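Trainee: Whole structure, please, built from the sequences with the hints as guidance.
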Amino acid sequence: MSAREMVLARVRRALADVPREETPDQVPVVRDYLASHSPADPVGMLAEHLADYRALVHHTDEAGLPALIGGLLTARGARSVVVPQGLPAAWTAVDGVRQVPDTAELTAAELDAVDSVVTGCAVAIAETGTIVLDGGPAQGRRRITLVPDHHVVVVRAPEQVVDSVGQALPRLVPGRPLTWISGPSATSDIELDRVEGVHGPRTLEVVLVRG
Amino acid sequence: MPPFPRAAKDAVGDTTLRGNLRHATHTIRDKRAAAVAELPDWDRLRAAGAAIKDRTLRHLDHYLEQLEASVTAAGGIVHWAADAAEANRIVTDLVRETGEREVIKVKSMATQEIGLNEALEAAGIRANETDLAELIVQLGDDLPSHILVPAIHRNRGEIRDIFTEKMARWGRAAPEGLTDSPAELAEAARLHLREKFLRARVGISGANFMVAETGTLVVVESEGNGRMCLTLPETLISVVGIEKVIPSWQDLEVFLQTLPRSSTAERMNPYTSMWTGTTDGDGPRVFHLVLLDNGRTDTLADEVGRQALRCIRCSACLNVCPVYERAGGHAYGSPYPGPIGAILTPQLRGTASELDASLPYASSLCGACYEVCPVAIDIPEVLVHLRERVVQGGPVTVRGTRTRIRPAKGHAAERAALRAATWALDRPGALRAGQRLAGRARRLVPRRRLLGPGRAWTASRDVPAVPAEPFRDWWQRRTREAGGE
Numbered sequence: 145m146s147a148r149e150m151v152l153a154r155v156r157r158a159l160a161d162v163p164r165e166e167t168p169d170q171v172p173v174v175r176d177y178l179a180s181h182s183p184a185d186p187v188g189m190l191a192e193h194l195a196d197y198r199a200l201v202h203h204t205d206e207a208g209l210p211a212l213i214g215g216l217l218t219a220r221g222a223r224s225v226v227v228p229q230g231l232p233a234a235w236t237a238v239d240g241v242r243q244v245p246d247t248a249e250l251t252a253a254e255l256d257a258v259d260s261v262v263t264g265c266a267v268a269i270a271e272t273g274t275i276v277l278d279g280g281p282a283q284g285r286r287r288i289t290l291v292p293d294h295h296v297v298v299v300r301a302p303e304q305v306v307d308s309v310g311q312a313l314p315r316l317v318p319g320r321p322l323t324w325i326s327g328p329s330a331t332s333d334i335e336l337d338r339v340e341g342v343h344g345p346r347t348l349e350v351v352l353v354r355g
Numbered sequence: 160m161p162p163f164p165r166a167a168k169d170a171v172g173d174t175t176l177r178g179n180l181r182h183a184t185h186t187i188r189d190k191r192a193a194a195v196a197e198l199p200d201w202d203r204l205r206a207a208g209a210a211i212k213d214r215t216l217r218h219l220d221h222y223l224e225q226l227e228a229s230v231t232a233a234g235g236i237v238h239w240a241a242d243a244a245e246a247n248r249i250v251t252d253l254v255r256e257t258g259e260r261e262v263i264k265v266k267s268m269a270t271q272e273i274g275l276n277e278a279l280e281a282a283g284i285r286a287n288e289t290d291l292a293e294l295i296v297q298l299g300d301d302l303p304s305h306i307l308v309p310a311i312h313r314n315r316g317e318i319r320d321i322f323t324e325k326m327a328r329w330g331r332a333a334p335e336g337l338t339d340s341p342a343e344l345a346e347a348a349r350l351h352l353r354e355k356f357l358r359a360r361v362g363i364s365g366a367n368f369m370v371a372e373t374g375t376l377v378v379v380e381s382e383g384n385g386r387m388c389l390t391l392p393e394t395l396i397s398v399v400g401i402e403k404v405i406p407s408w409q410d411l412e413v414f415l416q417t418l419p420r421s422s423t424a425e426r427m428n429p430y431t432s433m434w435t436g437t438t439d440g441d442g443p444r445v446f447h448l449v450l451l452d453n454g455r456t457d458t459l460a461d462e463v464g465r466q467a468l469r470c471i472r473c474s475a476c477l478n479v480c481p482v483y484e485r486a487g488g489h490a491y492g493s494p495y496p497g498p499i500g501a502i503l504t505p506q507l508r509g510t511a512s513e514l515d516a517s518l519p520y521a522s523s524l525c526g527a528c529y530e531v532c533p534v535a536i537d538i539p540e541v542l543v544h545l546r547e548r549v550v551q552g553g554p555v556t557v558r559g560t561r562t563r564i565r566p567a568k569g570h571a572a573e574r575a576a577l578r579a580a581t582w583a584l585d586r587p588g589a590l591r592a593g594q595r596l597a598g599r600a601r602r603l604v605p606r607r608r609l610l611g612p613g614r615a616w617t618a619s620r621d622v623p624a625v626p627a628e629p630f631r632d633w634w635q636r637r638t639r640e641a642g643g644e
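If you read the sequences in order, they're chains A and B.
The numbering of the first sequence is this note's numbering, which starts it at 145 and goes up by one.
The numbering of the second sequence is this note's numbering, which starts it at 160 and goes up by one.
These are computed hints drawn from the structure, not numbers from a lab.
Any given hint could be a false lead.
To be verified - Short, incomplete list of chain B residues facing chain A, as computed with Cβ under 10 Å:
1) R313
2) I318
3) P341
4) A359
5) G374
6) H447
Remember, it's a predicted structure, so these values are computed and weren't measured experimentally.
For glycine and all other residues, C-beta sits at the position ideal for the given N, C-alpha and C.
Mentor: Okay, here's the thing in structure tokens:
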């Protein structure tokens, strides 16, 4: 007997108490929890909760976006920036900053030598202070927001902002690789003191663009 | 491993360890209470989480087959392992096929449970732990002592010494003049591990959830080491217990709210990765999923003990447990310490060894663990159920076969005492006579320690004082006197 058949046979024997005619849907799951904890101002809450976990939050409008991103890269002293496909060229056109396109050939070691990355996102969750990337336009592959030490992410508010985890999931496609980011990389493994940036970007800057 | 009371004895006397543990558990438990209090529907989320897990467990065969089909359709390769040896063999062969001699690992309870690192080492493959706490444990030739923060028993000074002494042996050495500040220690780990991340071609992980409907695997973490292992290598091998499956994509809305708040006391952990099979041009080109039984189906067969499989490994029960706080994680002799370990380990491994038979007793039955559990596992109920099994024996399932076990050794006195108590409680006359006799002979009862079979019981307890007069006599006398007024 293969291991597969053995494990499945064991499961079925173990469930001798479950009536044979019972279907999974007949086991009740009551979903009377709240769909949202109804923040009056989701964008404000998103900003607040991101800041709680030490992300740096900036506000601007469409016209001010390129100047703001340029300023963030310059202030950081970035000399190179990874640019995912679909990111508007104007966002990262900064004097003295080399553009590194996100391509399949870009190795992890090459990425390690890049200073910053700028991306958009798929959706952001106010209650948890979370930004979700799904590899779609302006977001690139998972590694580009992981290896460089500085991540600037642009969130369109209010259209990309939802209240809750429950509202975010239906807006995402499970088949895509998803990365949920809540504040910069952090550890609390040493006496539970929080330290930012063990392996992922040490600095997460979130730009909220009001339309 | 010695049984729990003996293993715990050293820990209880170690003041550094107790200080480290007390600081850590109290810090997390206070923060957790605040994070949970933010959600007014916490009790409903908790009930839904328990119900989703019960639905899954009652139809586990259905969901496992659905999961297998979804993962396969998304380009993954599914393997099944009935026990630890089989899982280790599968993973070792898969690594060998890549020609690599080194792998990077995401912190994973399942691979701890099966001893994967040791099995790989025996095959000449070095498994590098990349979670900061797991790295501290691995470099220190130590064992994890907590589900969430495995190095909770170490303070910053001890960690500095481990890094300074051991890092050079396995790669980049610790920086000169390393101090014990957490930021500097984390930086040393970053530098040490980064060269491993950048050259690794095989990653090994577990998973927090597997969605049957979509074939999606989910890993929640904080540091980004998980993301490194899940996305940079060419081959990814995930070893996951069969109980980690959940039915639908929507179900994540419950667990992604309850898990982070319950474990790290955050609204959300810094990073969550979700992947479904493989994606062209992004992440590993080859994805293997090893579905692990290793005692889970035996646990499933027990209608009372089955609820332990709901566990989402948040570790909230450890942080509130007065026994864990004093004994530390190592005394439990298993990757699963604390209250959940006390019910999970003796079910996964059976109660044949002295250690495993002692675990259901590693509790005061105070119930704090049940109260904090985000999937409402009634840990005290299962503890009592397992104590009964240890003392009386009875029907259990061992490696898929229904069998009867005999009472565990060393519980003869307990069994005799309970039998005597049953006899006496069924006979009020005998009970009254016995109580009166005890009252009259109470000067003969030793003050601190009993002799004979009761000796072990009083090793950590005082002998209760025997009253001069039985309660029922006192009550009758009181009623008589009151009536006579």
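Trainee: So, for every hint listed, does it hold in this structure?
Mentor: A quick look at each hint next to the structure:
Interface restraint check: B:R313 against chain A, minimum CB-CB distance 8 Å, threshold 10 Å, status holds. A distance limit of 10 Å between C-beta atoms decides the matter here; for B:I318 the minimum to chain A is near 6 Å, and the interface restraint holds. The restraint placing B:P341 at the interface with chain A holds, with a minimum CB-CB distance near 4 Å, inside the 10 Å limit. Interface hint at B:A359: satisfied, since its Cβ lies 9 Å from the closest Cβ of chain A, which is below the 10 Å cut-off.
Taken as an interface hint, B:G374 checks out: its beta carbon lies about 8 Å from the nearest beta carbon of chain A, inside 10 Å. Given the 10 Å rule on beta carbons, the hint for B:H447 is violated: about 14 Å separates it from the nearest Cβ of chain A.
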